[in-house]
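Colleague: Since the structure of chain X is already known, use the hints to place chains U and A on it.
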Amino acid sequence: MDATAPTSKWSQLASQNAVIEFIDVTLRGCAQVMFQNNPLTGLFFFAAIFVGGFGEGNPAMAFGCLLGTVVATLFGMHLKDRASWKAGLYGYNGCLVGAALPTFLANTPTLWLCIILGSIVSVIVMICIADILKTWKVAALTAPFVLVTWAMLLASYAFTGLDGSALPTPALAHPLVQDSDLAYSASQFVHSTLYGISEVFLISSVISGLLFLIGLAVESLWAAVFAICGTVLAVLTAMFLGADQASVNNGMYAFSAVLTAIALGSTFNTPSWRVLIYTIVGVIFTVFVQGAMNTVLTPAGIPTLTMPFVLASWLFLVPNKDVMPAHRQ
Amino acid sequence: MDATAPTSKWSQLASQNAVIEFIDVTLRGCAQVMFQNNPLTGLFFFAAIFVGGFGEGNPAMAFGCLLGTVVATLFGMHLKDRASWKAGLYGYNGCLVGAALPTFLANTPTLWLCIILGSIVSVIVMICIADILKTWKVAALTAPFVLVTWAMLLASYAFTGLDGSALPTPALAHPLVQDSDLAYSASQFVHSTLYGISEVFLISSVISGLLFLIGLAVESLWAAVFAICGTVLAVLTAMFLGADQASVNNGMYAFSAVLTAIALGSTFNTPSWRVLIYTIVGVIFTVFVQGAMNTVLTPAGIPTLTMPFVLASWLFLVPNKDVMPAHRQ
Amino acid sequence: MDATAPTSKWSQLASQNAVIEFIDVTLRGCAQVMFQNNPLTGLFFFAAIFVGGFGEGNPAMAFGCLLGTVVATLFGMHLKDRASWKAGLYGYNGCLVGAALPTFLANTPTLWLCIILGSIVSVIVMICIADILKTWKVAALTAPFVLVTWAMLLASYAFTGLDGSALPTPALAHPLVQDSDLAYSASQFVHSTLYGISEVFLISSVISGLLFLIGLAVESLWAAVFAICGTVLAVLTAMFLGADQASVNNGMYAFSAVLTAIALGSTFNTPSWRVLIYTIVGVIFTVFVQGAMNTVLTPAGIPTLTMPFVLASWLFLVPNKDVMPAHRQ
Numbered sequence: 000m001d002a003t004a005p006t007s008k009w010s011q012l013a014s015q016n017a018v019i020e021f022i023d024v025t026l027r028g029c030a031q032v033m034f035q036n037n038p039l040t041g042l043f044f045f046a047a048i049f050v051g052g053f054g055e056g057n058p059a060m061a062f063g064c065l066l067g068t069v070v071a072t073l074f075g076m077h078l079k080d081r082a083s084w085k086a087g088l089y090g091y092n093g094c095l096v097g098a099a100l101p102t103f104l105a106n107t108p109t110l111w112l113c114i115i116l117g118s119i120v121s122v123i124v125m126i127c128i129a130d131i132l133k134t135w136k137v138a139a140l141t142a143p144f145v146l147v148t149w150a151m152l153l154a155s156y157a158f159t160g161l162d163g164s165a166l167p168t169p170a171l172a173h174p175l176v177q178d179s180d181l182a183y184s185a186s187q188f189v190h191s192t193l194y195g196i197s198e199v200f201l202i203s204s205v206i207s208g209l210l211f212l213i214g215l216a217v218e219s220l221w222a223a224v225f226a227i228c229g230t231v232l233a234v235l236t237a238m239f240l241g242a243d244q245a246s247v248n249n250g251m252y253a254f255s256a257v258l259t260a261i262a263l264g265s266t267f268n269t270p271s272w273r274v275l276i277y278t279i280v281g282v283i284f285t286v287f288v289q290g291a292m293n294t295v296l297t298p299a300g301i302p303t304l305t306m307p308f309v310l311a312s313w314l315f316l317v318p319n320k321d322v323m324p325a326h327r328q
Numbered sequence: 000m001d002a003t004a005p006t007s008k009w010s011q012l013a014s015q016n017a018v019i020e021f022i023d024v025t026l027r028g029c030a031q032v033m034f035q036n037n038p039l040t041g042l043f044f045f046a047a048i049f050v051g052g053f054g055e056g057n058p059a060m061a062f063g064c065l066l067g068t069v070v071a072t073l074f075g076m077h078l079k080d081r082a083s084w085k086a087g088l089y090g091y092n093g094c095l096v097g098a099a100l101p102t103f104l105a106n107t108p109t110l111w112l113c114i115i116l117g118s119i120v121s122v123i124v125m126i127c128i129a130d131i132l133k134t135w136k137v138a139a140l141t142a143p144f145v146l147v148t149w150a151m152l153l154a155s156y157a158f159t160g161l162d163g164s165a166l167p168t169p170a171l172a173h174p175l176v177q178d179s180d181l182a183y184s185a186s187q188f189v190h191s192t193l194y195g196i197s198e199v200f201l202i203s204s205v206i207s208g209l210l211f212l213i214g215l216a217v218e219s220l221w222a223a224v225f226a227i228c229g230t231v232l233a234v235l236t237a238m239f240l241g242a243d244q245a246s247v248n249n250g251m252y253a254f255s256a257v258l259t260a261i262a263l264g265s266t267f268n269t270p271s272w273r274v275l276i277y278t279i280v281g282v283i284f285t286v287f288v289q290g291a292m293n294t295v296l297t298p299a300g301i302p303t304l305t306m307p308f309v310l311a312s313w314l315f316l317v318p319n320k321d322v323m324p325a326h327r328q
Numbered sequence: 000m001d002a003t004a005p006t007s008k009w010s011q012l013a014s015q016n017a018v019i020e021f022i023d024v025t026l027r028g029c030a031q032v033m034f035q036n037n038p039l040t041g042l043f044f045f046a047a048i049f050v051g052g053f054g055e056g057n058p059a060m061a062f063g064c065l066l067g068t069v070v071a072t073l074f075g076m077h078l079k080d081r082a083s084w085k086a087g088l089y090g091y092n093g094c095l096v097g098a099a100l101p102t103f104l105a106n107t108p109t110l111w112l113c114i115i116l117g118s119i120v121s122v123i124v125m126i127c128i129a130d131i132l133k134t135w136k137v138a139a140l141t142a143p144f145v146l147v148t149w150a151m152l153l154a155s156y157a158f159t160g161l162d163g164s165a166l167p168t169p170a171l172a173h174p175l176v177q178d179s180d181l182a183y184s185a186s187q188f189v190h191s192t193l194y195g196i197s198e199v200f201l202i203s204s205v206i207s208g209l210l211f212l213i214g215l216a217v218e219s220l221w222a223a224v225f226a227i228c229g230t231v232l233a234v235l236t237a238m239f240l241g242a243d244q245a246s247v248n249n250g251m252y253a254f255s256a257v258l259t260a261i262a263l264g265s266t267f268n269t270p271s272w273r274v275l276i277y278t279i280v281g282v283i284f285t286v287f288v289q290g291a292m293n294t295v296l297t298p299a300g301i302p303t304l305t306m307p308f309v310l311a312s313w314l315f316l317v318p319n320k321d322v323m324p325a326h327r328q
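Order-wise, the sequence lines are chains X, U and A. Per numbering that gives the first Met the number 0, the first sequence starts with residue 0, numbered consecutively. Per numbering that gives the first Met the number 0, the second sequence starts with residue 0, numbered consecutively. Per numbering that gives the first Met the number 0, the third sequence starts with residue 0, numbered consecutively.
If you're looking for bench data, these hints aren't it; they were derived computationally from the structure.
No copy labels: a pair is met if it fits in one copy or bridges any two.
Calculated pairs, EDC-like style, for lysine to aspartate or glutamate (alpha carbon to alpha carbon, straight line, at most 20 Å):
#, residue 1, residue 2
1, Lys85, Asp321
2, Lys133, Asp80
3, Lys79, Asp321
4, Lys85, Glu20
Same shape as in the complex, but just chain X (with noise of 0.2 Å):
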């Protein structure tokens, strides 16, 4: 998962100069949202962020997200494990925070608070979480991002400080009513699959997910075919299900499936068939948790983030090695 060929100047540099080493080390947090170890990824990334969060009209959204992995590789730079630090595992679940809590939270100067300790505890978090899990050989995927937002979202309904007018309402759950007025065509289709990807990073826009493909692309090609993939299968058994066909149509049942399927497909797998259909069962499964966690959580009137996506991926990667015949570990 190193970067070699194309960055290796850049790693020269990197290794001679703080600054850029700093900047690198952002870089990489941010392509590790999916997974990826490589700068340039995480600068495709972050111009989706950008471009995304401009075409929405939610700017803050882009700049949280820069400020949330500048904080968390900073906070990150102090502690022992310098390896995890430089690959930037400190620094991808400030980059969902930062995302996160522009979107669904109104822009204040608490705001901005919250940001930055929210990815200081999202290195916290990081930590005890691979702490805990590494007994099992399994990594933290995005849970120290949605516990950490999560606990600001709930909190925000306690806080007049905290102004999440952008959340859901809690309600009690019911079973859905299908609007069937929603035409389908296959350019609704491609879009949804896009969107599908970009919201990974809660936006929703066509260019963002080709740039977050790219991003992908320039690290492992494997981990771009299993985002397309992914997508496309969540997408198609969503609509199977019956799914809210809004939702579908804005990503909603794939973004926690394309990091499911990057996850079992590429980065904790050798690409093989027996992982193929290991991560096709991954990638369904998790929509049913989609479903089964919009669900549960109606009544505390928080999104699920990518929790589904981390609880169907441990679910698939704890017993990896009783499933597979061989492994990367």
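Modeller: Okay, now just chains U and A, sitting in the frame of chain X:
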């Protein structure tokens, strides 16, 4: 826990013929729902399930049970741990998934796809939880069944393709107002206790309850004794605490306690006075956990399934070696 | 953490006389609620509890506290780990169960049976959680108390034999509307901070708060200092974030933070600048977790108890060795 005398000829056949071995393992899978590693027990259990399913006018539930056990056993056959597979440990969660889904979801083609997917995933979750818990030498119990089924039942609220009209309507909890008109008699008490046993498989049937007891006794007399004592104690505790009488009558406060009693009293400990007292405390506490989970799941609109048993038994099994003078492992 | 000079004569007596040893361990059990292994601390704590219980017109709470500690200590006496028993580590959860149940459930004979059962089960849960967490060298904290009490409070909705009329009514969460009529003064601030300390035992009393502080100082001046700093920082943070003023005034946003401050600042770390900064972040995050849990438990109709402390402290204690240059274990 291995079946010996009455099945020795059968065991020999099973070791020579792949089809008979598969039938053997499928039967053991059903028997493992109540911790018994014996194909004859599984035969009695399947008889009880079909009697109950047809008796209640829900044959889909019986066929679902069979399908779930078969699919889970088929899938488990391809995994590394042959010993677990042979003991039926990959089958029992699929068996319960197949019983639960047709009980709460309408009989559509999608339901049967869900049973197949759920049974496969139940094996993966089984390996995952067993792997995690072996750190503390505790078994996965029926947690894989509960988690997979919960995911699918919760998802039914989000997907029009799954019709969960038999699920409880999500609501806010409120203190119980007892319907005091229900008369009570010795015969009703006997029914309640037998329902408590058959409800482990989501069946309310006196004959099924008796068949389950016979199936238990075939392999372990102690298991049958603890099942009876567990259901009696649970029904009495729930009545003393003033639980909803209709639920008590249907065995809804007893089925988790039955499993706690068998697990603590006979499966994971050798019966003794100390074990008996520990089991009694465990069974009474299971009734509290049942009431607590009924409350906490009210807004989610899903049943507790056997989670009260799982939680109470984990709590009591982890400290086993610190509490018991000697114990089987 | 062992009591030395002021209790040496007492220690000698305790080692010779079983009754005095039992009293000694019971007092240590009470002191361990705030991590102190000192019978004199326990004596001050019990004084604070009785002053508070009678002062608030709820003496049952004080007697429940005593009963819970005694029952848990009695039960723990029969277990293998004598060192934990002698340090009062089996008693503190029973102490809190005995304080919490009479605070939220009506005073009936069943209540007292629940205190006895809950205290016994709290010891079992204590061993269970301690066993699990020792894999990562983290303590169970007050999690056993919270889990057992939650189970019984939730069960009170399902059982007419338990009258939980003092529990909050289950409701859907909604953004806080601040009641701005509450005036604020320096004297109110002092009260709030002292309530923050006494509310660890579910008491709102200035005198109790002072007695708890004296009890802490008897064993560890640092613990008392961190308790004061923790409650002050938590009250200020909650006010800055715009938490419900009535709750802030009653110390409801401070009691978990007080425990986080003592745990992170003095019990599991040796005070230093690095530790101080870590503790400040931990205390501020505990206030967020308190707000989050207030929201998420609204539909369940139960109080958070000290769970915000438990969750925040676990998150900050597991990574301790990766963050701190040196630390006590």
